[in-house]
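Since the structure of chain A is already known, use the hints to place chains C, V, R, G and F on it.
Protein chains: 6
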Amino acid sequence: MRILLVNPNTTQSMTDKAAEAARAVAGRGTEIITATARMGPASIEGHYDGALALPGLLSEIAVAEGIDAAVIACFDDTGLDAARSLIGFPVLGLCESALVTAGFLAHRFTVVTTLERSRVLLENLVYRYGFGARARVRAADIPVLELEDPVSGALGKLRRQIERALAEDGAEAIILGCAGMADLAHALQQEFGVPVVDGVSAAVKQAEALVAQRLTTSKRGSYATPFSKTYAGVMAAFSPKGM
Amino acid sequence: MRILLVNPNTTQSMTDKAAEAARAVAGRGTEIITATARMGPASIEGHYDGALALPGLLSEIAVAEGIDAAVIACFDDTGLDAARSLIGFPVLGLCESALVTAGFLAHRFTVVTTLERSRVLLENLVYRYGFGARARVRAADIPVLELEDPVSGALGKLRRQIERALAEDGAEAIILGCAGMADLAHALQQEFGVPVVDGVSAAVKQAEALVAQRLTTSKRGSYATPFSKTYAGVMAAFSPKGM
Amino acid sequence: MRILLVNPNTTQSMTDKAAEAARAVAGRGTEIITATARMGPASIEGHYDGALALPGLLSEIAVAEGIDAAVIACFDDTGLDAARSLIGFPVLGLCESALVTAGFLAHRFTVVTTLERSRVLLENLVYRYGFGARARVRAADIPVLELEDPVSGALGKLRRQIERALAEDGAEAIILGCAGMADLAHALQQEFGVPVVDGVSAAVKQAEALVAQRLTTSKRGSYATPFSKTYAGVMAAFSPKGM
Amino acid sequence: MRILLVNPNTTQSMTDKAAEAARAVAGRGTEIITATARMGPASIEGHYDGALALPGLLSEIAVAEGIDAAVIACFDDTGLDAARSLIGFPVLGLCESALVTAGFLAHRFTVVTTLERSRVLLENLVYRYGFGARARVRAADIPVLELEDPVSGALGKLRRQIERALAEDGAEAIILGCAGMADLAHALQQEFGVPVVDGVSAAVKQAEALVAQRLTTSKRGSYATPFSKTYAGVMAAFSPKGM
Amino acid sequence: MRILLVNPNTTQSMTDKAAEAARAVAGRGTEIITATARMGPASIEGHYDGALALPGLLSEIAVAEGIDAAVIACFDDTGLDAARSLIGFPVLGLCESALVTAGFLAHRFTVVTTLERSRVLLENLVYRYGFGARARVRAADIPVLELEDPVSGALGKLRRQIERALAEDGAEAIILGCAGMADLAHALQQEFGVPVVDGVSAAVKQAEALVAQRLTTSKRGSYATPFSKTYAGVMAAFSPKGM
Amino acid sequence: MRILLVNPNTTQSMTDKAAEAARAVAGRGTEIITATARMGPASIEGHYDGALALPGLLSEIAVAEGIDAAVIACFDDTGLDAARSLIGFPVLGLCESALVTAGFLAHRFTVVTTLERSRVLLENLVYRYGFGARARVRAADIPVLELEDPVSGALGKLRRQIERALAEDGAEAIILGCAGMADLAHALQQEFGVPVVDGVSAAVKQAEALVAQRLTTSKRGSYATPFSKTYAGVMAAFSPKGM
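Chains as they are written, first to last, in the numbering used here: chain A, 79 to 321; chain C, 79 to 321; chain V, 79 to 321; chain R, 79 to 321; chain G, 79 to 321; chain F, 79 to 321.
With the rest of the complex left out, here is chain A (with noise of 0.2 Å):
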């Protein structure tokens, strides 16, 4: 099966190891098509940015061919209910399947995130996917670029959260809420002894999961596809109108 990774920012190097991560769980058969933004904002901190990537993102999801299943490259979970409603395959959020792959292993956990600007708004989808009494969210104050500079101190601070998480919040898993984290789960799974699910890995695998099992995204209510959503469709929203 194919699925397509978009990283919904436009900086490729996220792109890059999002797509290792990925295909270091993928099963067998699964191939890995992905998918850089060519609009919007080059990293997604907060509401603002996560709606100025949603026309690059979109427009990724609607010209992909020959795919099975998509996953949406940010752990904001910036454009699922939109993406679901556009296209007939699955779509999968990196918050949403790291939320529900952690209740598979622990009754509490703790997200780690970048930057206290993206706390609230990670703790609403918890609400939301029904975890509000089983997960906290902390911010370890790093810009999400930083992750990918190796002198920035991101790791440290990354760790010192999750001390506090195990210590605090009587956390008995932890969730790395960044796909630019996602190379540092095995190591850090490794030096703290609790599971710590990266949401890039999570998401590959429930893709896969629903498209084994036949299962593809519900046209009945609120993610009915409206007529004529095509790549056409979805670029003239964008015309000024008139012009």
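Please keep in mind that the hints were generated in silico from the structure rather than gathered at the bench.
Note that the coordinates shown come from a computational prediction; the quantities given were computed from them, not determined experimentally.
Warning: the hint list may mix true and false statements.
[Unchecked claim] Quick list of in silico lysine-lysine cross-link-like pairs, PhoX-like style, CA-CA up to 25 Å: (1) A:297 with C:235; (2) A:235 with C:297; (3) F:235 with G:297; (4) G:235 with F:297; (5) V:297 with R:235; (6) R:297 with V:235.
[To be verified] Distance ranges between label pairs, derived from CB positions: (7) C:242 with R:234: 24 to 32 Å; (8) G:144 with C:246: 44 to 52 Å; (9) G:107 with R:292: 14 to 22 Å; (10) F:79 with C:246: 45 to 53 Å; (11) V:271 with A:231: 24 to 32 Å; (12) C:242 with V:271: 42 to 50 Å; (13) G:143 with R:91: 41 to 49 Å; (14) G:143 with F:242: 39 to 47 Å; (15) C:166 with G:221: 55 to 63 Å; (16) F:228 with R:229: 52 to 60 Å; (17) G:107 with R:241: 31 to 39 Å.
For every residue, glycine included, the Cβ atom is placed at its ideal position computed from N, Cα and C.
Okay, now just chains C, V, R, G and F, sitting in the frame of chain A:
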């Protein structure tokens, strides 16, 4: 004070109708400035349209000058969090404003919206805004643009759902769940003898209330504005990378 | 329009302070009429005082004439449901109005109230109004009447709790949880750089908003007014049976 | 032990009926002392009556002597928090006691009350006491005082709602949601073959249980008794200021 | 009446201690019959022990004769739903009974249990019983059987958590979260000046209360007893198939 | 990888049917090993059967060798927490897996189970897993073993509840709430045009997903394995004391 009323879809007649409702309730000294999205969908029916409307919506807010507060004239509260992050003045949504308003008048109430596709989306907002135990949502099976058409039978369908809300939901008040219904509130309130809340009116009054109290969106935490989110920044986000 | 501001305790200086806050935000054309309970406790600190304040409060509302809306000037929302059942015009409470107002400005916020005894009472209101996941309550250990005394050190205690709310609760905005703090909101907002909401101001603006929209308490269902609930009726209720 | 059964309305026949139910379940060694409010409404139907009943109710509790626990004989739990703050012995409400009792017997149950006006008020108590997912509330359209009238058809209306609760709500047990229904519980339990809980009986047994365990209302935090809350204090609160 | 107190673990000394607590609060005319599981774990610490204790527990209940109600003497409420389905008389659990009892005395309270392993398990019960907003759970790091050992330092650890509950949780009352702590409740209540609830005592009084009201487990719906659930049936279930 | 599929009841034909569903979705390289409880009830219908099935279930898991993950083939998730505490490899339940799977496909969905007795039990799981606002449960009035009988009319009853779920619940997807329905999912999906999720398939894919991500049950906190929980330990637990 000057309140910007932005219609996030591109249909001018809906802007005009919303503006009329806004001006009818605006206080002395309040000026209603209108804007209609120059790109994006002609109506917003569900998640997908809501996502595609964001750039057009945010552009209008980004370029506005001399504004004290903004109202997003769509009942889905599309882009509300993003707009609050983008700028310094307060931004109001119709759904949040209408729920809060009805909450002062009744313990239980029902939102009557247009299409089934929007019903669950609004239910999710109802939960998010804390009204899960108090408000229900019904769809009247009316395409948004049909509300503009006097011979469409839309009003009859709306009436039937109000009747059912009173009889079956124990509703003590009604919220009209679409900006395009703004002109019907007073007549329906007369007819059914219960408060009928229109989101446009509710949001305009909330905007005035915040400005009068010298209150504006908190810039600490989740609505913190990222660096250099100017109009140029909004537009730049949509230039395909490398172009 | 004429808004009745009723102080449910018998302390005239608190009525005066609340009236000042009310008039500072009232729109052009709004007249603030004040009333102070003529019987009941001198301040309202907890459930017991709140209960004893009800007859005094309801009497003032029952005898009011030519009124468009009423505000109960106590942060505990004492008698709010009863007042809404008693009369036809809208009645606003400080806690409900302030929570709703803060909700437009921030995802997370903290109410700072006077005494520990009132803290849990307000937490229960926070849950009832649907803000359980968004708002916390702190007590500053200040007896209500001490707020009237400039050398009491009350302001210092209040400041310390605001500092802790920002640092420990992740608060993005502050609500002053006592009518007697109305005069402090603007200075604290300046000092701490986050929105500081005063309940009196918030409630007055909500009252204006409802009147402008020609909305009033639903008389269908839980707020239905029982037969002959006149002032005579209120008073009769307090005559010992058989006298 | 001596349990005070206070009827917060002024109708002696309702006190008598509640006392009969109380004595039927009281343990050996328990004496039921009754009191009827000497001022206030003749029946409690909704928020407004509940508020006006408080002074009469609290006065009876304040003057009681040699009492080990009190039961407020009204299903609305009017004044429960205030009474718990006023005095040192435990105070029980009918609604809280009945919900808790039914919770030991069934996963799902329905409260059948008198008037639509009280339905939402009780639903709000159901949420507050933590039974929102387990209990529903139905109104049988019976004015409270009609329960005293054998030819009123009240019993028939009550039966119809019980039938609907079993068929439509999936109720596994029934709670009679009015003190005036106390005499009907056993016959209805026989007739419908499911547990039928009467609030008066439930509250009396809870009162006995607390006394036997030497447990009483916590005076730390929200139920702390303010200084000098004597009977004189209660009465003084109702003397108009300056008289 | 005769109340069966079943200890679901196999440690007789814990049965004896629970029986002592039960008899100390039982009403005149109540006889406490004890039973100790004849198979299963020696103490119940977490999910696994709780599961293995079920056959021993259910066997004791199935063979009991002339019983009016049963109490399962384990704070985890192990097997409570199964026991309620198995037989006709009411069955009470310690956790549910203690939470409900504390709920009559305080708005906020803390359960202090033995091991971290049991903490989240009890938190889940707290949510299930509807006390998620009111009760917290703390673990004192005491293996259950150490409570039987006077020189273990267990009491000191328990005291420290009670101190923290009062200072940090805003607890207004304490629940002892282990049947083995039943003997400590009165002394701790004296020492800390807040209500201290013991689950064994609470459950015994609830059992008496139900019997006095002639109420028993609903056999409509989720607790319906399957055909021929006799003792033979219980035992047969454990005979390996084909033997 | 090797996944153990344990049927906690003693009916081999149900094991076989579940194994067929499991193998139909298993990835290349996954081997499905089956086990059927050797003691316990022949079918699991409600709390009581669920409790009695635990020893048989846990024994099978305890003796399994060379296993990477286990699936408990019962929709009640009987023994799930205990099994997770017992061993080191991940354990999946059908209900949790199916809810999570449906959650990726639809906002609202309905579980259709067999008997009314199981309906509320599953509703309680729905709440526990965080789907209280999204999922409903219906019972089709089919004894579990009737599903094995082609002339029982069971399929017709199931179909009727699916029709009602779509029409009355607003269901956008369906979950088959019994392991014995695993073979019907694809045909019903075709017939009704909405996703139909089978719990066995869902759980097998979740098991594969966790193993591929090298994730396993957290042993910190509530699932910590007690000392020496070997097969001998499981068996010893059932030897009556003193024998």
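> Can you name, in rising order, the numbers of the hints this structure does not satisfy?
Replying inline: Of the numbered hints, all hold.
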